[in-house]
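Participant: Chains as they are written, first to last, in my numbering: chain A, 6 to 121; chain B, 4 to 112.
Watch out, some of these pointers could steer you wrong.
Unchecked claim - Here are some chain A residues pointing at chain B (derived, C-beta under 8 Å):
id	residue
1	Lys19
2	Thr37
3	Phe72
To be verified - Capping the alpha-carbon separation at 20 Å, the derived lysine to any residue pairs in SDA-like fashion look like this:
id	chain 1	residue 1	chain 2	residue 2
4	B	Lys99	A	Pro13
5	B	Lys62	B	Asp42
6	B	Lys60	B	Ser23
7	B	Lys99	A	Gln65
8	B	Lys99	A	Asn56
9	B	Lys60	A	Thr109
10	B	Lys45	A	Glu64
11	B	Lys60	B	Gly44
12	B	Lys62	B	Ser31
13	B	Lys45	A	Leu119
14	A	Lys60	A	Asp70
15	B	Lys62	A	Gln110
16	B	Lys45	B	Lys72
17	B	Lys45	A	Phe44
18	A	Lys25	B	Gly44
19	B	Lys45	A	Gln65
20	B	Lys99	B	Arg40
21	A	Lys60	A	Pro103
22	A	Lys46	B	Asn25
23	B	Lys72	B	Ser31
Just so you know, the hints here were simulated from the structure itself, not pulled from any lab data.
None of the values given here were measured: they were computed from a predicted structure.
Ideal Cβ placement from N, Cα and C applies to all residues, glycine included.
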Amino acid sequence: GAVVSQHPSWVICKSGTSVKIECRSLDFQATTMFWYRQFPKQSLMLMATSNEGSKATYEQGVEKDKFLINHASLTLSTLTVTSAHPEDSSFYICSPEPRGGEETQYFGPGTRLLVL
Amino acid sequence: EDQVTQSPEALRLQEGESSSLNCSYTVSGLRGLFWYRQDPGKGPEFLFTLYSAGEEKEKERLKATLTKKESFLHITAPKPEDSATYLCAVQTSYGKLTFGQGTILTVHP
């Protein structure tokens, strides 16, 4: 199956700092990137959708100025949590959609963020 | 609004005891229904995609089926290594995935 990497796998930061999470599709090109978050014992919730080279579309209730998404290339997307607060502590997972629309929807291994 | 409901929330089985997980959905314009396995602290691992009512797919001890309103994930003779959270998600014509809450499966030896 396709390989998707996320970095870092976990991060602890102080309240008020910014954290950048990278998502790479290692063996395919992704024209669309989905970013999800998952709170403990809950399912995945879509945060935003981005297409390479254009602005991301955010789901209702997700602040676009707080969660900055950059999808500058077909193999790399970044999510930056700006001025993080404890309530942003969550498991962030990316999902790149392969160009050509394969039936499989791949997910990254996730990044655990803990804001103190 | 698209909705996905999974049941039961948790399921405990003895090794070898077959059972089924349910995923009920209401969506406008179903593009596909996905099943994933998720282990603690990891991203979802793809299992199956189903596109139309009547479709079935199998992989080892797992078989997924689809009707117009629900999908079942049948587990035959499960083993302890099958213990995980099983997630169901529906994809609309816009490409967005809407997930259910998941079923936590525990298989005891």
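Participant: What are the numbers of the hints that this structure violates, sorted from low to high?
Facilitator: 1, 3, 4, 10, 11, 12, 16, 19
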